[in-house]
Amino acid sequence: MKDRLQQIREDALRQIGSSASLEKLNEVRVSVLGKKGELTAVLKSMKDIAAEERPKFGQMVNDARAEIEHALEEAKAKMERRIRAEQMKAEVIDVTLPARRNKVGHRHPNTIAMEEVENIFIGMGYEVVEGPEIETDYYNFEALNIPADHPAKDEQDTFYINGDFLLRTQTSGTQVHEMERGKLPIRMIAPGRVFRSDEVDATHSPSFHQIEGLVIDKHITFADLKGTLAEFAKELFGEDTKVKFRPHHFNFTEPSAEMDVSCFKCGGKGCRFCKGTGWIEILGCGLVHPNVLKMSGIDPEAYSGFAFGIGLERIALLKYEIDDMRLLYENDIRFLRQF
Amino acid sequence: MNTALSWIKAYVPDLSCTDQEYTDAMTLTGTKVETFERLDKNLEKIYVGQILSIEKHPDADKLIVCQLDMGNAVEGGRLQIVTGAPNVKVGDKVPVVIDGGKVAGGHDGGPLPENGIKIKSGKLRGIESFGMMCSIEELGSSKDMYPDAPENGIYILPESAEVGADAVEALGLHDTVFEYEITSNRVDCYSVLGIAREAAVTFDQPFYAPEVVVKENEQKTADFISVEVEDQDLCTRYCARICTNIKIAPSPEWMQRRLAASGIRPINNLVDITNYVMEEYGQPMHAYDLDTIAGHKIVVKRAKDGDTFLTLDGQERTLDHDMLMINDAEKAIGIAGIMGGENSKITDDVKTVLFEAACFNGANIRKSAKRLGLRTEASGKFEKGLDAKNALDAINRACQLIQELGCGEVTQGVVDVCCELQPEREIEFRPVRINELLGTDLSAELMLSIFEKLGLGYKKEENMVVIPSFRQDLEGIADLAEEVARFYGYDKIPSTLPSGEATTGKLSFKLRIEQKAREIAEFCGFSQAMSYSFESPKVFDKLLLSQEDPARNAIVISNPLGEDFSIMRTVSLNGMLTSLATNYNRRNKDVRLYEFGNIYLAKSLPLTELPDERMQFTLGFYGDGDFFTMKGVIEEFFDVIGLKKKAVYDPKSGKNFLHPGRQANVIYDGVTVGFLGEVHPDVCDHYGIGTKAYVAVLDMPEIVARASFDRKYAGVAKFPSVSRDISMVMPKSILVGQIEEIIEQRGGKNLESYSLFDIYEGSQIKEGHKSVAYTVVFRNKERTLEEADINAAMKKILNGLEGLGIELRS
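Taken in order, these protein sequences are the chains called V and E. Numbering-wise, the first sequence is residues 1 to 339 according to the working numbering. Numbering-wise, the second sequence is residues 340 to 1149 according to the working numbering.
A portion of the hints provided could be inaccurate.
The calculated label-pair distances, taken between Cβ atoms and stated as ranges, are [unchecked claim]:
1. Asp157(V) - His513(E): 34 to 42 Å
2. Glu301(V) - Asp543(E): 28 to 36 Å
3. Gln854(E) - Glu301(V): 35 to 43 Å
4. Val979(E) - Glu301(V): 44 to 52 Å
These are calculated hints, taken from the structure and not from any lab test. Note that the Cβ used here is the ideal one computed from N, Cα and C, for glycine as well.
Same shape as in the complex, but just chain V:
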């Protein structure tokens, strides 16, 4: 009996060693350890052994079984590793083949610039609002302290529907709408389309976009205007951006200024973008004119505020180095895909 067991063990181990496939290994498992396997048969014949020998012999059978099982597992693991390795070798691909891309669309550069500006001001607590594109004379001019005979109202600048209605020439009218709502303090920006009677060329368009900003509160100062817009410029054009405020004139602000930023292309050394000056004019701004506050029902002694207007296309053209404004309205996909 012992010899038989020894024989089975040796045969099994030999067969395991010579098995060339997982199937073969399985056959060995079945033929030795299976229900009808040789080892199982030996176990079944235990009854023929003397009672006192049985525990010892049982131990031997179990040891042989464990040894065979272990050998089977080891051989299987080894074989699986080999097969995986062969598979890896067979599955090598040329990773430089072209990618399969989900063809996503592209946002218009104007919108990208607009969202950048919006996000900066949202972060500073500004609400984004909108106003009508067809406006009344009152909101576009009169309430902004632009009197009836002002040259800005000339037909050469403004598209009129009739005497009372026109296409807004600036987003500044939204200031008035917002102030008239009567909810103070105000911190808002108003992006939108504006219209001026300019023939289409590389630097002009009869339709373009502005972003208006307005802050009204107690104790708002020109220093606050400077600080806010300097912060904005740094966010938009980079931490090293410097700003310069030059006196200017707008009917609806006093004092008024234009803000230049240090050229973000050359850092202020002078290049073709800044026409060699090192500075780029970016926006107009000022403290809200007391007449404008009064007309909108706000006491200019109790409240003050500042306003600013940014030309969106100007920023988009400069930032993305677009050399012709007409490209913005042609919608050539080869242009749009670059943003």
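Knowing the structure of chain V, use the given hints to seat chain E on it.
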């Protein structure tokens, strides 16, 4: 406005700075310098030479050989120069550029080369020439600016020029011309004196206004002329002075140089003085030949509609009642503030001149000039609204110059017809408020010192700042704050952030929905387009809209850039189709675009209230994809913005511009929120799109009203689902939408989902029919469904389908 720095320095003699320093400093105090140009740019080694002898060139008929005395300018003092110039003679003093020097341009007066032209010694036909005698063009100027220059030849310097001296200096060209951008509120700065005053304060140097003293003769002005202003609303002041014994001659060199630098061509002393004072004081003046003025009387009044008038440029002008005219006792002699008449034009043999300096209504002049199509130097000044006080100062200054420059005599007194002059404005001086506005802590003394330099007065007892008439732009405390800020320095004001109540930064709900729409469109491969809000009325025909289509009721721009931009769009498709066509023509493949833009729907026409501006989300594509691609975009969008109900697609959308069998209105919750479809091939033809194109338009106000970002977790199913397939044959006219409607209505509470998995039309199916197959999925959240539950639901569905005339297949 262009002015030579030397003219500014005439009033601010202590001004000392480089051109760049001047530019930067003036710009920072609000007088923006656009550019500056040195008049002596590229003029090097040019000296006064005197011609000692002229000989013919032995080998060239057209050349001469000159010997020149160059004084100390060259070693030995003598120079031989060969020239072809025909106008020189022995004794002439001429500008000579010597070897190694530079001139600004060629003798033809063409565009000036950036780096000038180098001059070297050389041989002309074998004879050595050691330099060049210069024409005015070679010196970078023109005969317009130097009227005494010969038509074609060397510029002859005045006898007084010193041999060997700097010829550029002798020509008055060591100067810089600054071009300013003056803001419209600073009427006073459209004059040399105004800019000089700003320069003086900017550089903190004294400002010296011209001392105007008129030496008058014995005659009385009032004996020569009387003035009557009938329309005082358009003419607040009319000053008249008389100059007798006029002797027309060239004006002095300094005056010519200053005018030339300002871009004004010197003509003669009388014209030059008028122009000079216009530049200096910003006050246009007009000179009439008194002998042409009937009755020696001036009447200022409106023209009559339809009157005609011959202006001094020889053009006949048609007038109207809103144009102000200068008349004599019999006839019109000038259009006020715009241009004089041919009939009172000054000629060279004028004996007595009537000077006019008036203050006309700016807006009226602007409108009149526009209607006449005649914008002149004078009207350009008047339309800004001039200071009435300045008119008197200017006319006196002109008369002073007439007398001092020997142009004529000045009679006693001014005939000055003046309606009430505005009293000087006074503004309470509130230094605390100024500091509050600026965010500064400046002393009252500093503020007052700035005001004083600017020419503003201060009444200490009343604490009032007195505004001079030339600063009509200063109206209140905010204006005074700006004056303080300008000269304290915008750059020195601190930078702070607003304090006070915190506010929430956010996008409006509408803008958030639009942002989502952009994200979805781009995710689906659409790129963002932008097109104009105005378009051509021809668009309606291009889009095959019927004559009755309400979209034809567009708002019309009264002064458009042209017919193509003359109406406000009422449909958003034209921009999209135009953009697709542009891409198609440029052979771009598979183009997908979307746009956000308003359409403008009038509530009534002509417009009496603001129109309805409706934001439209427009999508369009050609190439890869079909109707259902577009439908997919809409459904992705609806999903993201919380439009959870099932949208209905109604093929009876009636859009002429779409394929009649491939279009649908998008109906959500019973409301039409948009449409989609294949563009009608005729419309594609109109736009030049040579392939199938698809569009969709969603009306954002309706969408936004129904959108929501609220989300609620509904649990993940724990119990298994059961699915059943339904296979059907039906007439083509039945829409799968009808099947889905029945499944939804009859599927019961356990219906989870359904999906179309096969649709077939063709030879295996009988004529006019299609086969359609659906999978329907049931699930209950609380328990495993039993066969009976499903059978009951399926039976209801199948009955419903049979009711539609659908044939079920096993």
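**OP:** Check each numbered hint from earlier against the structure, then list the numbers of those it violates in ascending order.
**Re:** none
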